[in-house]
Amino acid sequence: MKDVLSKLRRMDWVLSACMVSLIVMGVVFINSAGSVRPTDALRNLWRVHASTALAGLAVYAVFAFLDYRKLLDWGALPVFVVSCALLVAVLFAGTDRFGGRRWLWFFQPSEIAKLAVILFTAHVFAAPGNAGFRGFLAGAAILCGPAALVLAEPDLGTALVLAPSVLVILLAARVWLKGLVTLLAVALLAAGLVLWAVDRAEREPDPDARAKIYRFVPLRDHQIKRLRVFLFPETDPTGAGYNLRQAQIAVGSGGIWGKGLKKGSQKLLGYLPPSVSMNDFIFAVLAEESGFMGVLLMLALFLGIFGPGLRIAVRCPDDRGRLVVIGILTLIFCHLYVNVAMSVGLVPITGLPLPFISAGRTFLIVLMAALGIVQSVAIHHANPAVEDRDAEQPI
Amino acid sequence: MKVSSWFILSLGGVYLLGFLVLGSALFRLQYEDTSEFKADLAQQNTRRIRVPGLRGRILDRNGAVLAECRPSHCIQCSVEEFQRRGDATNTVSAVEEAVDRLAATLGVARPARLTRVHIERHVKQASAMPLMLWEDVSDETFARFAEHAEEFPGLEAATRPERTYPHGALAAHILGYTGRSRPDDADSAHFFEHDMRGREGVERYYNRFLSGVAGERKVRVDARGFRPTKQREAMMEDDLDADVAPSPGLDLRLTIDKDVQAVLEAQLDGLTGAGVVLDPRDGAVIALASAPAFNPNDCVPRLTQEVYCTLTNAPAKRLQNRAISESYAPGSTFKPITALAALANGWLPDDEYTCQGVYTLGNLRLHCWDRWGHGPISLRTALEKSCNTFFCNLGTAIGTNAVIEAARAFGLGSATGIDLGGETAGVVPDNEWKYATFNERWYPGDTCQMSIGQGMLLVTPLQMAVVAAALANGGKVFTPYLFARTDGQPPPKPARTVPYASDTIELVREGMRDVAERGTGRRILTRWEESEPGSFKKRRFNLNVTCAGKTGTAEIGRGETKRKNTWVIAFAPFESPTVAIAMIVERGESGGSTVAPRVHAVLAHMFGETEIAAARPRGTTLERGD
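The listed protein sequences derive, respectively, from chains A and B. First residue of the first sequence? That's 1 in my numbering, and the numbers climb one at a time after it. First residue of the second sequence? That's 1 in my numbering, and the numbers climb one at a time after it.
Hint data in this document are derived by calculation from the structure and do not stem from the laboratory. Quick caveat, the model's predicted, so the values are computed rather than measured. You may find that some hints are simply not true.
Within a straight-line C-alpha distance of at most 30 Å, the following computed BS3-like cross-link-like pairs (lysine-lysine) qualify [stated by the list, open to error]:
1) B/Lys124 to A/Lys262
2) B/Lys218 to A/Lys262
3) B/Lys258 to B/Lys218
Kindly generate the complete structure, drawing on both the sequences and the hints.
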């Protein structure tokens, strides 16, 4: 009993509170976005989100009270293998929805894979001796296996957020540091080149010449289309640029104080496509109805996760704990950044949910489990000696 | 330890940078550029609907309503209430089903224009507008719909203005009628309601005056172009821009006197012809009628093909305004003009000519209506008796140009400029005209024919009314007008003044007075009535006013198609005329017997008549000749 109490005391309550607040925000805006939908099932999706969150709290508690070191020792490899197996399974037995095969029964294996890859990478590179080029190759293999499977669904967004999380872990663990930095620079350069090539091709009036340029761009048609819309949103305001344009109008017209809960006209009139307004574009609904103030509140709540999260990482004397925490935080940050930036036109449209707020059961549970592991680091990182010192001199 | 705290802290710095980027982008969008996005929002989700102004009324000179708008009951469909998932055809089917169900309930037929294609086009292109189902339904149907309205959500009653002419065919040719059309500035808004537009008559001539200024109604539309349902509309808080209220059109007050118009039309009832009553003091049109007439109520809201055919079929040609757009030979009513021309060119009032019943010029033999001849007569008597040979001689004596000039001085041969469309100019022939038209030179006989108002000379009844008015007022030719002057507006100036001395004109006026009192046109002044049916005893009624006039009987065609168009021009009171009339009846007997009593009736209505005691009918009841 004394053990439980001391664990509760060491838990980071700011982080928990901010997480719960964000989930409440999610429930509120999923309810708002769902209110214009035609079927009861869709209108009541906020209940699903709330009940998932309740279940998620249990998961959160379990992972928080479980020592992360034991978890990684026993679970990192099996979870990674199982999630890879699920990724393979979904390609054969999954359900097609919204132009991708991402669902296996009731969950999305790719969401689980995000956490599994991070845990496994952290577990592998916290161990001494994996710092060389061979370590990098191992890391690349850990990343690329699941990423390739995810891309095959296809789900570019997930593949894209997975990479930075793994990279951050590799960088933090100083795996083949010089080479990695060089590679990163090259990758950035390549991305710039692709953008430049698309830009160049789109400015090309001759279709043959354009096709010739596109032959060297390793992207699929719909991805090129998204890049094009990102670069030239004005060229196609009714087609592929429509969602972006409508999201921007929703966000911009929200103003400082917003239009009021459930009163967003972009959502009510269906300009913001109802099929995406509850998940990938829920930020537009939030920004339209609660305005800049609501957006600031949301960003502040996210700061309330990253701040304590990073503090936990700094305080953790253990490499594994540090790597797990920064991996998880980077994953969340990438989702947040890409989702919001896409709604305002800073990055090309990518199908990524907004953490804690977008409707999506698998992702919510995974996120809560991930934060549970962060809490577990907060609770369990200290060795008994440190724990005693803490007990004598509370900070 | 491999993972340094510095790395973690710098990672935190990267996060913070990301937050700043997002925060500043959102600040720009939601604070700095928010008005721009709000404008974009309004632009994409509001539709402007052009709303026509209420059309003004048309009044007669005393304020009696000749044309106005009445509320017309319609049943329309708010298509958004029938919006179904899937593509538009599901919505169209839902609308169709409701329409058919309502048609069965009301016991009325589904309108023919309401085809599936029509509904589909509306749903796809104008879904922000209500779909008109039944226009102008009867009160009974409307009441039945009100009873069942709850069973038909999405179908609703509406009232909109419809043109109506409360006096039916009265003054139809003056008023014209309205149709519905696409407004000229339809492109200024996303959608428009069909506008009433004047098609004929003053409705057309003063269309802009009557139609007012269109306003704009703003409605919100969703991404599919439908209006949001009421429930959703209630959820939205950002207001639409204010509507622009339409300004109603102005009331048009005419110079027409409804009662005189009615009498004039009654006199022309069943005949083919026209009549015009002018105020000779300024050219105001008191009445203007063309027979046969039409009922403009048959032409609203739109003129259908069948109705149009019945209105334009020859020979009735009901839609044609014979008073201004048909030209006739004026016959003897032209003689006062010849007389004026002669007096101005040296013919003395006392100069005599001996009528022998026939006038011979080369191989032309022109008979006077009195085969035995009138004997030696002066100009004034010749006018009274309407002696053809006298005027033939007169025209030959003074020359062609003098007659032509006189005709043109009175405005013949050119449109009067009345504020009605479709006026014809008529013809005052001359050498060039004849050469251009018939490729023939001008013969002396043409002058002869023209002097007695026959031959190639063609005038409209309105032009003859202007001639009558000019003779009445001492030579001032006014432009006839229908749009009543407002108080304080200066009286119109005459378009021109005929170049004849006032004593010359007076002489002709005296001659015309003789015509009306005892000459060929004596039935203008006097009405004989059998005291009992079949009795020879006649009662005699005189106008309570002095009057002057001239009859005319123009013979047209030869053989089988030979017919007479009969005329009268007249004015009253003689001393200071306030009324000038011209009337023509096609295929009449003679001006004196056919038209003069009708002119009498009009004047009797305006001035009254009194029975003259000890009246003895003069001669036979059948008047002869002109």
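### Message
Hints numbered earlier in the text: which of these fail when held up against the supplied structure?
### Response
Result: hint 3 breaks, nothing else.
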